[in-house]
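Put the two chains together into one complex, using the hints given.
Protein chains in written order, with the UniProt record's numbering: chain A, 1 to 213; chain B, 1 to 152.
Check each hint, because a few of them may be wrong.
What the hints assert, rightly or not - Examples of chain A residues toward chain B, derived with CB under 7 Å: (1) 27; (2) 38; (3) 41; (4) 43; (5) 110; (6) 142; (7) 144; (8) 147; (9) 151; (10) 171; (11) 181; (12) 185; (13) 188; (14) 207.
Claimed, not checked - Part of the chain B face toward chain A, derived, beta carbon under 10 Å: (15) 21; (16) 114; (17) 132; (18) 139; (19) 141; (20) 143; (21) 146.
These are calculated hints, taken from the structure and not from any lab test. Each residue gets a CB set at the ideal place from its N, CA and C atoms; glycine is no exception.
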Amino acid sequence: MASKRGRMAQEVNAGSMADIAFLLLIFWLVTTTIASDKGILNILPPKQDPNVPPPEIPLNERNIFNILVNANDQLLVEGEYLDNTESLSDDVKAFILNFGDPNADAIALYNSLPESLKSQANRDPKSSDHPLTGGAVVSIKTNRGTSYDVYLQVLDQVKKAYFEIYAERVGITAEQYRALSGKNAAEKELIDRGKADLPMAISIAEPDKTGGN
Amino acid sequence: MSKFKKKTKVEVNIPTSALPDIIFMLLFFFMTTTVLRENTMLVDQKIPEATQLQKLEKKTLISYLYVGKPKNTAMYGVEPRIQANDALINTSDIALWVNQEKDKRSESEREMLTISLKADREVKMGPISDIQFELREVDARRVLYASVGKLD
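Next comes chain B alone, as it looks inside the complex (with noise of 0.2 Å):
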């Protein structure tokens, strides 16, 4: 009789039991992601509707400005503020935004910056001319009225 026996059962079954584990390892690396990319918001946004929506194929080549009454309105006041990346900016520091964001990107795609602009629904025409008028004088002149569709 050897030391190594001769195995008489074959195990059929595949372990499947990893597999549960397999897929959340990937529902949580989705989640994670996604979540980082979001930035927390410090100004309400309630998105227009609009009809005629494009949407844009490149979506690297799109940078956010967010426009809105701020939520801590005890801090920064009831005025529409403007929201870049994590921090409230104000309207002069947005060619210096610009810029950063467009060394961010390679050469050839600096022309193509988008600036999609979310803006409440609340905001007047002011503070919004305002912002195109510094994105005109930094060259960043396509700019996406971010909205959202109508139902009708």
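Pulled out of the complex, with its shape left as it was, chain A reads as follows (with noise of 0.2 Å):
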């Protein structure tokens, strides 16, 4: 040790200096790539043309489930007023899995659901029919002065209950259903499997003018 003291050149240790320039790299590395881009995917209806009206699709009352949220973020579901989105996707997944007058199509889709989601279907009349084409169908609707907020929220609940149904089919969690991509064959299987014959019907209406801007 004295002896090093004598030298005129004296070297400073660098060798874990790699180290601490690594730590920062992996950090670095860490911290931006959890800034993904996660959201609430939502494919828009096509441009209407103004000559051609919109087709009609006559629709029961019983097959739509009415959300309104009107500008003071007040939800009326159903006819009934809600404070709270925490229960919408029990009853949005009641609604599309009642089965209360099923065709021919319909009892085939009902018989290869697995058990479990077999048993939440109520039959109940005043419920919707089917939920395949033509069936039932989620209708949002709101108010160009409710919150962006809000209305995530319940897009969010309506989604929830789609990914539970679409991830009970395939038998894997609505966590693992949302996570696969669809990048190689198996994951398309899954993805397609779980949403077969029973398509996502959100119907988004237009907000209303009241109470915005």
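Structure follows, in structure tokens:
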């Protein structure tokens, strides 16, 4: 030790510098990838031709699950006042899986469902007929003054109901189902099997004019 | 005695003093590239919370629209505004912006262009529906409501 001090060109031990720099680098990599692009995907309906009126699809009142949100962020779900969105996904799930008046295709779909989902079919004649196209539709109508946050919460709950059904059909959890990217054939198959014949029928109506800007 | 004397001492240590510099160079590379892609925010951004989040696999297909109250309220007022790239735009400019974004991408990718709507939670549905109407007009119908995971 003493002999080293006498040297003219003293070298600083820089061996651990690399480790420090590596730590910084890893820290940077981790923190920047956390801010990833996550969100709720929504496919907007196609552009309306002003000359062609939108096709009127006759739907029975019982086949529409009405969610209204007014400018004060109050919810009216199927004619009933609701003060939070917590239980909304269960109501939507029960509505989709009601099978009140199934046709031949819907009966085939019903028979393909796992037992846990079959047991949720209430067969209520006042609720939706079947979840196939032209059956159960969830309608969300907002106001121009409704806050975006509440709208997103409602949409979130409706999506949750669908994802839970899809996931249960293929026997995985809803988180796992949402994480499927469809990159490889196996994942794509799972996604398709989950949503086959059970389209995500969410109708988002144009907000009405009162109470907003 | 030759001019080239045979080396007697054998150096066994590999010099590692340049290693930190190399790593620092990597670090700075990452820092600059990630910072450059971010836009300076001209509007408030408090992204709403949601639970049913989905992640998009191809980031190159995403274009961002930021909606919120302008930070510089003295200049732009308190009503929610739309920011695209580095500037505040009006609702009527969205069509032009979408077409510019589509032009940046290859023919096959244009169909799958996704607009990530980064809207502040204070925003009302009025401006959001105006934006969605414009997006429908230019046939950019994939919209991602950017949100952060809710902890529960």
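Results of checking the hints against the structure:
1. 27: violated (9 Å)
2. 38: Since the shortest Cβ distance to chain B is 4 Å, the answer is holds.
3. 41: This hint holds: residue 41(A) lies near chain B, its Cβ roughly 5 Å from the closest one there, short of 7 Å.
4. 43: holds (6 Å)
5. 110: Interface hint status for residue 110(A): violated (25 Å vs cutoff 7 Å).
6. 142: holds (5 Å)
7. 144: Hint holds; residue 144(A) Cβ to chain B Cβ min 4 Å, cut 7 Å.
8. 147: holds (6 Å)
9. 151: holds (6 Å)
10. 171: violated (19 Å)
11. 181: Hint on residue 181(A): holds, closest Cβ of chain B at ~5 Å, below 7 Å.
12. 185: violated (15 Å)
13. 188: violated (12 Å)
14. 207: Because about 5 Å separates residue 207(A) from the closest Cβ in chain B, which is inside the 7 Å limit, the hint holds.
15. 21: With a minimum Cβ separation of about 8 Å from chain A (threshold 10 Å), the hint on residue 21(B) holds.
16. 114: Check passed: Cβ of residue 114(B) comes within 8 Å of chain A, closer than 10 Å.
17. 132: holds (6 Å)
18. 139: holds (6 Å)
19. 141: Result: holds, 4 Å to nearest chain A Cβ.
20. 143: holds (5 Å)
21. 146: holds (4 Å)
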